[in-house]
Amino acid sequence: MFASPRSPLMLAMHIPDGFLSLGVALVFWALAMVIVSIATRRTQQDLADRQIPLMGVMAAFIFAAQMLNFPVAGGTSGHLLGGALAAMVLGPWGGILVMTAVIAVQALLFQDGGLLAMGANIINMGVVPALIGYGLYRSVAAAPPKLRAVGIGAAAWLSVEAAALLASLQLWLSGTVALAVVLPAMLGVHALIGVGEALITVAALAAIARIRPDLSGVAAVRGRGSRAWVWGGMLMSLGVVLLSPWASSHPDGLERVAADLGFLGNEQDAALHGLSGYTLPYFSNSGVATIGAGIIGIVVVAAVVSAFVFVLRRRYRTA
Amino acid sequence: MHVDPFDSYRAGNSLIHELDPRPKLLFTLAFIISTTLLPDGAWLSLALAFMTVLGISLIARLPLGYAIKRSLLALPFTLAALTVIFVVPGQPLLTMSIGPWTLRPTDAGLIRFASIVSRSLISVQMAILLTATTPFPDLLHAMRHIHVPRSLVAIISFMLRYLFVLVDEALRLLRARSARSAGERPTRGILWQAQIAGHMAGQLFVRSFERSDRIYDAMLARGYTGYLYTLHTHIIQRRDWLAAAGAVIILSVIQLAAHLP
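Going down the list, the sequences are from chains C and Y. Taken in order, the first sequence gives residues 17 to 335; the numbers are from the working numbering. Taken in order, the second sequence gives residues 5 to 265; the numbers are from the working numbering.
Please note that a few of the clues may not be correct.
As the list claims (entries may be wrong) - Now the stretches of chain C that chain Y is said to cover, found in silico as 3 or more residues with beta-carbon under 8 angstroms:
{"id": "1", "stretch": "30-43"}
{"id": "2", "stretch": "64-77"}
{"id": "3", "stretch": "123-129"}
{"id": "4", "stretch": "151-163"}
{"id": "5", "stretch": "172-182"}
{"id": "6", "stretch": "188-195"}
{"id": "7", "stretch": "215-225"}
Hints in this document: simulated from the structure, not taken from any laboratory. As the structure is a prediction and not an experimental result, all values here were calculated from the model. Built from N, CA and C at the ideal position, the CB exists for glycine as well.
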């Protein structure tokens, strides 16, 4: 009755080792280290000696909550990634710290996500969802309930979409994927996953508010600097909303920007060099072709995942 | 019910099991970095790296296929990398027409794809060997020594301690839902089911939060002042230095094989 710790669909987000170039992996490791050490210090200040038991149990909570699922068509299921929810109930720094612990345990214990790629995974699934989740959550905190629910749902959906966008870009900068196919496919698949994330997050917050109204945001880092999070979250969301469709339909444009900024065309970087100036032999640049690529991507991924789920299910049923 | 698939440690008393966790963790990281650095098509180096994985499995007395089988978990990700076959400039191998599109896999693209997949699988296999031969508490201890923030390590060790408790709690919620027939055969729409799953998550949060309160109170009652003390039982011995020296030689050979003409 007990399958793998997490459903295969979520594997799409945890980047394993070998898919990021050393340069990309180290840049995101450095970024993650700075942010996580700030998060450690901030939560220490706010929670004092409660920090370790509270954050530890909350990390276990997110891990366990990722197992709560509901069946969607085709043997797949909707479930939680939890980054946005963690930031909404524990505050942004608490959310980041908890997600870091979850990602570290998943990588170290289950090889779910790489060790070298862990920095990128922490940024994608911990920091960005905290920024978007908490930022948008705070900005609708005073709104009437219906609007609030919509805002929370949008925040959860966007946090998944942003993580998918970032992961695609990291893979592309590492020279391991063709952006023109992978970006629409990743965004398409995660647009569906994000719906599950949004529905569960909204319902979970509503349930918490009903069972323990005193708890909603009680452990959140109170007040301090929340305006910065709201603005940061809004900017990031706006960036995702604007960048995703544009990048999906004009990967060449993105490539030109990257080249102008000096990311691509750097002759010394072998991994990037191979991909700079590539042409797509089978997709023209029109929007129709991109949408076509997206749909094909979704169908292929869905088929593979369904087959994977089917095999896993049979294995665990017989085991 | 105890959750067995979570325990990736395979007890044993081989040389690999008995090594200090610090050099093991550092070697695994160095090995993954070294593998990531291998250029496309460095088959000799990739073979040497893979033989290292097999060699360590042998010394650790693990079944040879153990790491290989588990590393297949990373395979769904190769789907994304499949796209490089068609975009890396090179000699086109053949031309396939599927509907309106023409696919031209190139030789360079194929080499890039095979290299990415091999690098990834070998890296994942080494990480699997690390967790299979090192108890997790020892791994945490090693993390503290390579300057992972002290409180983050403490949080992770707390998480691990209560992981099983909360996973059991989640499984109980799932079982209760199945018993009330909302789970296996959906009778109502997806929206309603998502709402049920969300309420379960909320319920689980409240239970976890209250549990953390009780744990904290219990810790205070036992004199907790914000520090967790551990007994340092690990001492670097001669065999650890020898193993480290062997590791440096292996990694150098792998890198030399890739970069020498």
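Unsatisfied constraints (hint numbers, rising)
4, 5
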